[in-house]
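There are 2 protein chains.
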Amino acid sequence: MTDYDVIIVGGGPGGYAAARRLGQAGRRVLLADADGLGGSSLYNGTVPMASLLESAGLYHRLRAAADRGITTTGLSVDWPAMQAAKQRTVATLAAGLKATLQRHRVTVVQETAEFLEPGRVLVGDRQLTCDDVIIATGSVPNLPPLPGVVANPRVLAPAGLLELDQPPERLIVLGADVTGLECANLFALLGSQVTVIDSLAEITNLIDQTIAAELRPALRPVRFRLNCQIDHLDGDTVYFRAADGSPASASGDAIVLSLGRQPRFDGWGAETSGLDITCRGVTVDDCLRTNLPGVWAVGDVTGHSLFAHAALRSGEVAAALIVDPASRRRGEVMRWSTIPYTFFGQPQAAGVGLTEQACAAQGFDQIVTGVAPLALAGRFIDEAGLSPSGLAKVIVDQSTRQVLGIHLLGPAATEVIGGLAAVVEMEMTVDELGQIVFPNQTVAEGLREACWAVQRRLAAATVTLDR
Amino acid sequence: MTDYDVIIVGGGPGGYAAARRLGQAGRRVLLADADGLGGSSLYNGTVPMASLLESAGLYHRLRAAADRGITTTGLSVDWPAMQAAKQRTVATLAAGLKATLQRHRVTVVQETAEFLEPGRVLVGDRQLTCDDVIIATGSVPNLPPLPGVVANPRVLAPAGLLELDQPPERLIVLGADVTGLECANLFALLGSQVTVIDSLAEITNLIDQTIAAELRPALRPVRFRLNCQIDHLDGDTVYFRAADGSPASASGDAIVLSLGRQPRFDGWGAETSGLDITCRGVTVDDCLRTNLPGVWAVGDVTGHSLFAHAALRSGEVAAALIVDPASRRRGEVMRWSTIPYTFFGQPQAAGVGLTEQACAAQGFDQIVTGVAPLALAGRFIDEAGLSPSGLAKVIVDQSTRQVLGIHLLGPAATEVIGGLAAVVEMEMTVDELGQIVFPNQTVAEGLREACWAVQRRLAAATVTLDR
Numbered sequence: 000m001t002d003y004d005v006i007i008v009g010g011g012p013g014g015y016a017a018a019r020r021l022g023q024a025g026r027r028v029l030l031a032d033a034d035g036l037g038g039s040s041l042y043n044g045t046v047p048m049a050s051l052l053e054s055a056g057l058y059h060r061l062r063a064a065a066d067r068g069i070t071t072t073g074l075s076v077d078w079p080a081m082q083a084a085k086q087r088t089v090a091t092l093a094a095g096l097k098a099t100l101q102r103h104r105v106t107v108v109q110e111t112a113e114f115l116e117p118g119r120v121l122v123g124d125r126q127l128t129c130d131d132v133i134i135a136t137g138s139v140p141n142l143p144p145l146p147g148v149v150a151n152p153r154v155l156a157p158a159g160l161l162e163l164d165q166p167p168e169r170l171i172v173l174g175a176d177v178t179g180l181e182c183a184n185l186f187a188l189l190g191s192q193v194t195v196i197d198s199l200a201e202i203t204n205l206i207d208q209t210i211a212a213e214l215r216p217a218l219r220p221v222r223f224r225l226n227c228q229i230d231h232l233d234g235d236t237v238y239f240r241a242a243d244g245s246p247a248s249a250s251g252d253a254i255v256l257s258l259g260r261q262p263r264f265d266g267w268g269a270e271t272s273g274l275d276i277t278c279r280g281v282t283v284d285d286c287l288r289t290n291l292p293g294v295w296a297v298g299d300v301t302g303h304s305l306f307a308h309a310a311l312r313s314g315e316v317a318a319a320l321i322v323d324p325a326s327r328r329r330g331e332v333m334r335w336s337t338i339p340y341t342f343f344g345q346p347q348a349a350g351v352g353l354t355e356q357a358c359a360a361q362g363f364d365q366i367v368t369g370v371a372p373l374a375l376a377g378r379f380i381d382e383a384g385l386s387p388s389g390l391a392k393v394i395v396d397q398s399t400r401q402v403l404g405i406h407l408l409g410p411a412a413t414e415v416i417g418g419l420a421a422v423v424e425m426e427m428t429v430d431e432l433g434q435i436v437f438p439n440q441t442v443a444e445g446l447r448e449a450c451w452a453v454q455r456r457l458a459a460a461t462v463t464l465d466r
Numbered sequence: 000m001t002d003y004d005v006i007i008v009g010g011g012p013g014g015y016a017a018a019r020r021l022g023q024a025g026r027r028v029l030l031a032d033a034d035g036l037g038g039s040s041l042y043n044g045t046v047p048m049a050s051l052l053e054s055a056g057l058y059h060r061l062r063a064a065a066d067r068g069i070t071t072t073g074l075s076v077d078w079p080a081m082q083a084a085k086q087r088t089v090a091t092l093a094a095g096l097k098a099t100l101q102r103h104r105v106t107v108v109q110e111t112a113e114f115l116e117p118g119r120v121l122v123g124d125r126q127l128t129c130d131d132v133i134i135a136t137g138s139v140p141n142l143p144p145l146p147g148v149v150a151n152p153r154v155l156a157p158a159g160l161l162e163l164d165q166p167p168e169r170l171i172v173l174g175a176d177v178t179g180l181e182c183a184n185l186f187a188l189l190g191s192q193v194t195v196i197d198s199l200a201e202i203t204n205l206i207d208q209t210i211a212a213e214l215r216p217a218l219r220p221v222r223f224r225l226n227c228q229i230d231h232l233d234g235d236t237v238y239f240r241a242a243d244g245s246p247a248s249a250s251g252d253a254i255v256l257s258l259g260r261q262p263r264f265d266g267w268g269a270e271t272s273g274l275d276i277t278c279r280g281v282t283v284d285d286c287l288r289t290n291l292p293g294v295w296a297v298g299d300v301t302g303h304s305l306f307a308h309a310a311l312r313s314g315e316v317a318a319a320l321i322v323d324p325a326s327r328r329r330g331e332v333m334r335w336s337t338i339p340y341t342f343f344g345q346p347q348a349a350g351v352g353l354t355e356q357a358c359a360a361q362g363f364d365q366i367v368t369g370v371a372p373l374a375l376a377g378r379f380i381d382e383a384g385l386s387p388s389g390l391a392k393v394i395v396d397q398s399t400r401q402v403l404g405i406h407l408l409g410p411a412a413t414e415v416i417g418g419l420a421a422v423v424e425m426e427m428t429v430d431e432l433g434q435i436v437f438p439n440q441t442v443a444e445g446l447r448e449a450c451w452a453v454q455r456r457l458a459a460a461t462v463t464l465d466r
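Sequence order for the protein chains is A and B. By numbering that gives the first Met the number 0, the letter at position 430 of the first sequence is numbered 429, and the numbering carries on one by one without gaps. By numbering that gives the first Met the number 0, the letter at position 248 of the second sequence is numbered 247, and the numbering carries on one by one without gaps.
The shape of chain A in the complex, shown without the other chains (with noise of 0.2 Å):
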């Protein structure tokens, strides 16, 4: 007999979601993971990341209360009370995990990991055996070859931007990802001085670009500087191309690069392992099958999607077929394509399917989309004030009306998109979509505009072809 049914290699959101579900179902479990369990997500990403956000939102909010009522005489900032939230919501989260696990029997051990074949993996100094691995070790920032880099004081990982003593005075963020514009927006709600530099023409293309280009003016006072290539650092200073091809340089107390990640591969035998590895990540199938029997990976280090919730379904999903094959006929499959993205910052942008990008790039060009503003829902108005950014979309089929991406911009946008992943999972029309009662007033109700927007759009190309 096997030690264990099953081993897990890294304790982020894709092995203990996995080791849930395992351990839910009876299985032995052990999960291993030097950094303990958690993850990147709850301790240096999304989790910490959303509470500073959350408190840098309502500091914002607050300076425009008395148009709303609520007046206050002295309004400030306390950093370290800021801090202190974030850690009791990290603490909180950490706490419920390890006992969620443990109420499940799963064994938890703060220890190294090394995969050495199927079958067999080095725990500590202890071989043990076991019928299946997961492989759930995430990704690690990128660290690019720029001059100036290395044993800079002034550089930082956005981890540990968030670990500061105080916000910087001045902040310059390389890299117009996701992390980045939130470091960039959490900062900047808070009074510092942000500039935001990339090579790409727009912020993040991992959300919808109609959604991007009216996010970027809605940070502001963050200064982006786009389609510029960084050539290197030299102290707190940035030295770059401009847009035009002229030099140009930018200054920071806290240089913060924000320049992609990449699947963690060292450490746990990746070498050695026999495993199909590419630049992008281990290589899985949609039920995070290896190349190896027995083997599976889940999370950042597949290299499909670097969000907690794209982590955790795929360890759930692996956690399905492990217990039972047949539960792929059940809809257990790995679907990368109706994750949904999120930015946390303010506004909120969320989106679920295909952007109008991706479709281009695939050269799928039968898609009619429709934008709403929304600026016409009440509660819009009473959370955003009267002339803000807000924006709903929809994409769709033109043959088959099937909805293939929404996306949003505004208030509760990351809350809503969850409910409409269902829609795109699904594959409802947007005439059924029109069709879905959203409660009046709510932020939500825009999508509703954009399907009727879709709609006419349809009716005008068919009277159009019947000509």
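Calculated from the structure, these hints are not laboratory results. These numbers come from a predicted model, not from an experiment. Treat the hints loosely; a few may be bogus.
Said to hold, decoys possible - Mimicking DMTMM-like on lysine to aspartate or glutamate, the simulated pairs with C-alpha atoms at most 25 Å apart in a straight line are:
#1 B/Lys97 - A/Glu448
#2 B/Lys97 - B/Glu113
#3 B/Lys97 - B/Glu110
#4 B/Lys97 - B/Asp4
#5 B/Lys97 - B/Asp34
#6 A/Lys97 - B/Glu448
Position chain B against the provided structure of chain A, taking the given hints into account.
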């Protein structure tokens, strides 16, 4: 030729939604309402209430903001400024509405309108002809025959309460329906002493009983006197029989009557119309057709729902069917069962589909429910604190595993429920819903836990049956 294709009697959500769609389809439409465009939801209902609750909620959050690192001094409520903010929202929406109907060439007249017979309406003093008539006359607050109510200056309808010069120090709310609870919540947040009196054993039956039982204590310091029979009013005092049968009384600077609403039958010719009318409202089929040819009724006057979004949707359905009777086959039919309910207070509550008590009332006991606390979501802790009320509940048909109802208590519940209406409407199973990926750490993610709880109970039930 008739004067208009369609004449709409009443300018609330049901009326204006129909007018918009008919105008968009090129129909010649006249909409008449002596009170102007917007209906009671815009001027006296959802919109002003949601606006004031938004301000009050901000005040509430501010008082605990130091915990989140945002410190304030001299925090106070400026009621006139709250009223002004409310007025801005109402005015913005009213202007938007007017512009929308103008764009679609709808003739809007601020005049009385009386239905004479199919195809004939008296608008002001002109007899006009048309092909179709839509009755959208809304509802009015119930005025119970309680001694001491008439000509009592302390007694107000909810709409009157929202217009007071200053918040009452002591407020009595008669009736624990959604509107009564929103009144109670609003003024309790602003510091009023609030007592709610109702004959029911629990607050509004419209909300799922599990959610209601959790919401009630969350509305503290509101004092609830349930199971009480109101006897009479005298000046500022309400005399009633308490739950234990003993006589009791409560006094307030304002006494608001929130004892439901009834269809508006006066002033538009209801009595002589020949329409099939019960005390519940104008009888309609699921296409909003009345018993008379070419006469439709939408919104509150049908007695089906008092939510503005129900009125809106019924207006849309009637319009779609007038334009093209075949659109019924494309789903343009009124599905009252998937109209969400909403409570815009602090905390928010919302639900869609069947409540557990509705299942019981219909003798439908083959259900399995799952309830999950939201306290494991990071954003929930950030927004609501460490020990607040928050639940997600799912009701599932035991044999088909279809999701019959979804109910939420917590931040953004009213925003999230729209997408979940699609889940209920598409008749998703609990297994399908459990596989949907909600963003990690969002409040809405708690719904997945509720689904898993149902799945475990269903699995346990299957095991029991197998034995």
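Verification of the supplied hints:
1. B/Lys97 - A/Glu448: 16 Å, holds
2. B/Lys97 - B/Glu113: 22 Å, holds
3. B/Lys97 - B/Glu110: 16 Å, holds
4. B/Lys97 - B/Asp4: 20 Å, holds
5. B/Lys97 - B/Asp34: 14 Å, holds
6. A/Lys97 - B/Glu448: Roughly 17 Å separates the two Cα atoms, so the pair holds.
Hint violations for this structure: none, all hints satisfied.
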